Every structure is written in structure tokens, then in C-alpha cells.
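With chain A held as given, fit chain B onto it using these hints.
Same order as they appear, the protein sequences are chains A and B.
Sequential numbering of the first sequence, starting at 466, is according to my numbering.
Sequential numbering of the second sequence, starting at 165, is according to my numbering.
What the hints contain is simulated information worked out from the structure, not anything from laboratory work.
If you're wondering where the values come from, they're calculated on a predicted model, not measured in any experiment.
The beta carbon of each residue, even a glycine, is placed where N, CA and C say it ideally should be.
Any given hint might turn out to be false.
Said to hold, decoys possible - Simulated restraints on C-beta separations:
| # | chain 1 | residue 1 | chain 2 | residue 2 | range |
| --- | --- | --- | --- | --- | --- |
| 1 | A | Q723 | B | R254 | 15 to 25 Å |
| 2 | A | N656 | B | R254 | 17 to 27 Å |
| 3 | A | R755 | B | V190 | 49 to 59 Å |
| 4 | A | G650 | B | I186 | 47 to 57 Å |
| 5 | A | F495 | B | R254 | 18 to 28 Å |
| 6 | B | R254 | A | E609 | 43 to 53 Å |
| 7 | A | E487 | B | I186 | 50 to 60 Å |
| 8 | A | N656 | B | I186 | 39 to 49 Å |
| 9 | A | L651 | B | A183 | 48 to 58 Å |
| 10 | A | S531 | B | R254 | 27 to 37 Å |
| 11 | A | Q723 | B | A193 | 47 to 57 Å |
| 12 | B | A178 | A | R486 | 57 to 67 Å |
| 13 | A | G654 | B | I186 | 39 to 49 Å |
| 14 | A | P756 | B | R254 | 26 to 36 Å |
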Amino acid sequence: MIYDEFRAMNTSFLVAAEGRRERLQVHLDFIRTFVAECEQRFSRFRQDSELNALNRSAGHWFSASSELFDVVWQAYGLHQSTGGLFDPSILAALQAAGYDRSMDEIRQAGGLLDAPTGYREPWQRPPFEQTRFDHERRAIRLPEGVRIDLGGIAKGWTAERAAAALSKFTPACAVSAGGDMVLIGLPEGQNAWQVSLEDPRDPQLTLAVLNLPPGALATSAVTKRRWVQGGEQRHHIIDPRSGLPAGPAWLSVSVFTQTAARAEGFAKALLIGGPEAAARMPGLRFVAIRPDGSLWGPPQSKEYLYVPEQIR
Amino acid sequence: MNHLVKTLLRLWIAGVSTAGLILGWVALAHSGKPAPLAGQAAANTGASTAAFSAPQLEAIPSLDELVANPSGGSQLSAPIQPSVTFNFPRLRTMGS
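Pulled out of the complex, with its shape left as it was, chain A reads as follows (with noise of 0.2 Å):
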């Protein structure tokens, strides 16, 4: 197995792939360059995105790009499948709470931000559903004043596309963005990937390996981008329905299933939901890590799961 390491969309990318570096490094290199074309399309950090001049369209007929089109409508049905605990509509409470700016940007400023200025509008906006597809023109028309960040789903479909066109070349694959992963194919000799379960209380530990067939993966935390605004801790898991961070039983989600959006969409979902949106979801392959660092997740999860003697 190669690998190719690099730093994009304010993560790490991590591409797998089983094959001789001479013969796939210049797929590497696409992969490279397609995942900069993505972050400049879908970042809300660069004034000149697609998504930012979708934002500053709302209200109005928007004629999108296919890329930029599929991560939207994806979304939207996320929000409709997850009961709107997923709802990418929470742009303007992001920024509120201090994500305004990248989180290289906050760590740089050691994670400590002031306090916000001048009065809170309550947290209403029209709500995200109202949102409407022109399939034939491929053309967006978000709600007036709504605003949206793609975040998540934007990483996990770039690891999607990533891995499709890296799959062409190789009999197995893997693209990783941040940890939100595609899996394509099997290592060889091995009959599942193996994916290293970060403690999120400690990236420095591991608590678990997850053994797992083809498929998606991500993984929602609070405790990965974190700062303080004002004195008051803060990360970057904004709960739709109050607009401030969630207040989650669970430290951190990670969901298995057929795709990176999906995979996305629901640990987040289930993270701002907590056990009883678990409850709603019956069939919905998942760990969840509480404060204790114990785990937690229903049967179906067990298969999957393997803990190391060295660290039970």
C-alpha cells in the first residue's frame, strides 16, 4: 500500500492506495489538484468561491456548477432524512460564535477570541427546506437571508470523487479528508480496512480499530476545533435548533454506510441528537464515544469493532 499525505480544505488528506508509486503517482498528483479545485469551489473562506457567490445570491435563481449542484442537493436531502438536526443553514451562527475565520487562522490566534459585539439577533431564519432545485437549468435558489456552509459534506464528497477516479488505476483505495474516508475495493491479502478510532479526548490515543468492509466512513467531534470567544468555550457543532454549540451526550459519532455525504450528514446529526435521534434510526451502523472515553453504539456496530489488548 502507497500513501500520499497533504494538507487541504483546512485538513489533512490521506490517499491509499495498493499499486507502485511510479505507476500511480501521477493519479496522485490529480488527486492533489482536484481536491485544491474543490476548496476553492466549496470554501466559505475565499471571497471568490462558488459557495460564497451562492450565498450572496439567496433569493434569487442561482445556475450552479454540477459539482456545486450534487453537494447542495445532497445536503438538502440530508436535512429532509435527518429530521433537520443535519441543516448546513447555520452559516450565520458559525460566524457568530467565532468561526468567521479558518481554523488555522483561530489556532494561530492560540484559540482565544473576543467577545462578540453589539446585539444578538434572536436565531430565525427561513428555514433550509424551503430551499429549490432547478434540476434541468442545474440552477439553486436558496431563502432569502439564509446562508449555508458545506463543511463536512463538501471534505467527504471530494474523498468520494477522489476515490472513484483513483479507483480506475488501483484494485483498492482509500481517500481520507480529515478522517471523513472512502473505501474502495480491499487491501490485499486482508479481508476489511482497518481504521485506527481516535480517542477524542487525546489524539494521541486510540481506543478502538474499526474493521470495515467498502463503504464511507466520518466521524463528528466537538472536541477537534475548539477556541474560546469571550471567555466562553465554544466549537464548531452548531445545534439548528438553538443556534449555539450542541451540548451533546457524546463526545464524538462516527458513521458507517454506503456513502461519504450520508455518512457525514448522519454523524452529525447524530451528534447535535444525541440517543434519542439514535432511537430514530434504527438499521444506522455508528459508534459513538462518550466523556468517559467508553463506547457506545448499537449491535449492528459490534461486527466492526475490534479494541487491541494493549489498550483495553
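Quick look at chain B alone, frame taken from chain A:
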């Protein structure tokens, strides 16, 4: 070949074979083949594996001893934390 010579030849072959068997057994018994770490074997197979004894090795200084009495190089200011020996998969999920 007369009967005596044949007998002596048979005795010689048997003796050499027996000596060879004994020497071979001795060599294998003291070959110093390394034993897998019980924990690592269990981690790789998912099943518990009883450790078996490894040949005696020369005493090596502990990490604490190295920190307290460095033989050349720079003085370490804090104890070294031992690393986990299990090779966790490189693919890692954490919530980005």
C-alpha cells in the same frame, strides 16, 4: 564384502545418524528464535496467545537509568514516555 565389514558399516551409519539427530536437537533447542509478544499476537489474530519463554538476553538499562545517567549526548530534561508497541492502522478517523 564379508559379514563383519557389513556389520561394522551398519554400526557406523547408525552411530553417525544418531549423533546427527542429537546435535540437531541441541542446535534447535538453543537457536535463540525470538518469541512473539503475547499482546501483539493477540492484537493481530484477535485471539489470546500464551507467551512462551525467550532465550536469556543481556541486561539492558531501563529508560529511567538512561535518563539519569546518559552515556554521551545531551541530558534529557524529562522522562521518556514509552510508546505503544501496537502498530495502529495509518488510516485514522477523528472528526476534523
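- Take the C-beta atom of A/R755 and the C-beta atom of B/V190, compute their distance, and say whether it sits inside 49 to 59 Å. holds (57 Å)
- Can you let me know if the beta-carbon spacing of A/Q723 and B/R254 is within 15 to 25 Å? Distance hint for A/Q723, B/R254 holds at roughly 24 Å.
- Message: Tell me if the beta carbons of A/L651 and B/A183 are separated by a distance inside 48 to 58 Å.
- Response: The hint (48 to 58 Å, Cβ to Cβ) holds, given that A/L651 and B/A183 are roughly 52 Å apart.
- Taking the CB of A/G650 and the CB of B/I186, does the distance hold inside 47 to 57 Å? holds (53 Å)
- Message: Given the hint of 43 to 53 Å, is the C-beta distance from B/R254 to A/E609 inside that range or not?
- Response: Cβ of B/R254 to Cβ of A/E609: about 47 Å, so the range 43 to 53 Å holds.
- Does 17 to 27 Å hold as the CB distance between A/N656 and B/R254, or does it fail? holds (18 Å)
- Task: Hint says 57 to 67 Å; check whether the CB-CB distance for B/A178 and A/R486 agrees.
- Result: holds (58 Å)
- Message: 39 to 49 Å was suggested as the range; check whether the CB atoms of A/G654 and B/I186 agree with it.
- Response: holds (40 Å)
- Does the hinted range 27 to 37 Å hold for A/S531 and B/R254 at CB? holds (33 Å)
- Query: In this structure, is the beta-carbon distance linking A/P756 and B/R254 contained in 26 to 36 Å?
  - Reply: The hint (26 to 36 Å, Cβ to Cβ) holds, given that A/P756 and B/R254 are roughly 27 Å apart.
- Query: A/N656 and B/I186, beta-carbon distance inside 39 to 49 Å?
  - Reply: holds (45 Å)
- Message: I want to verify a distance hint. Is the separation of the beta carbons of A/F495 and B/R254 within 18 to 28 Å?
- Response: This hint holds: roughly 22 Å between Cβ atoms.
No hint from the list above goes unmet by this structure.
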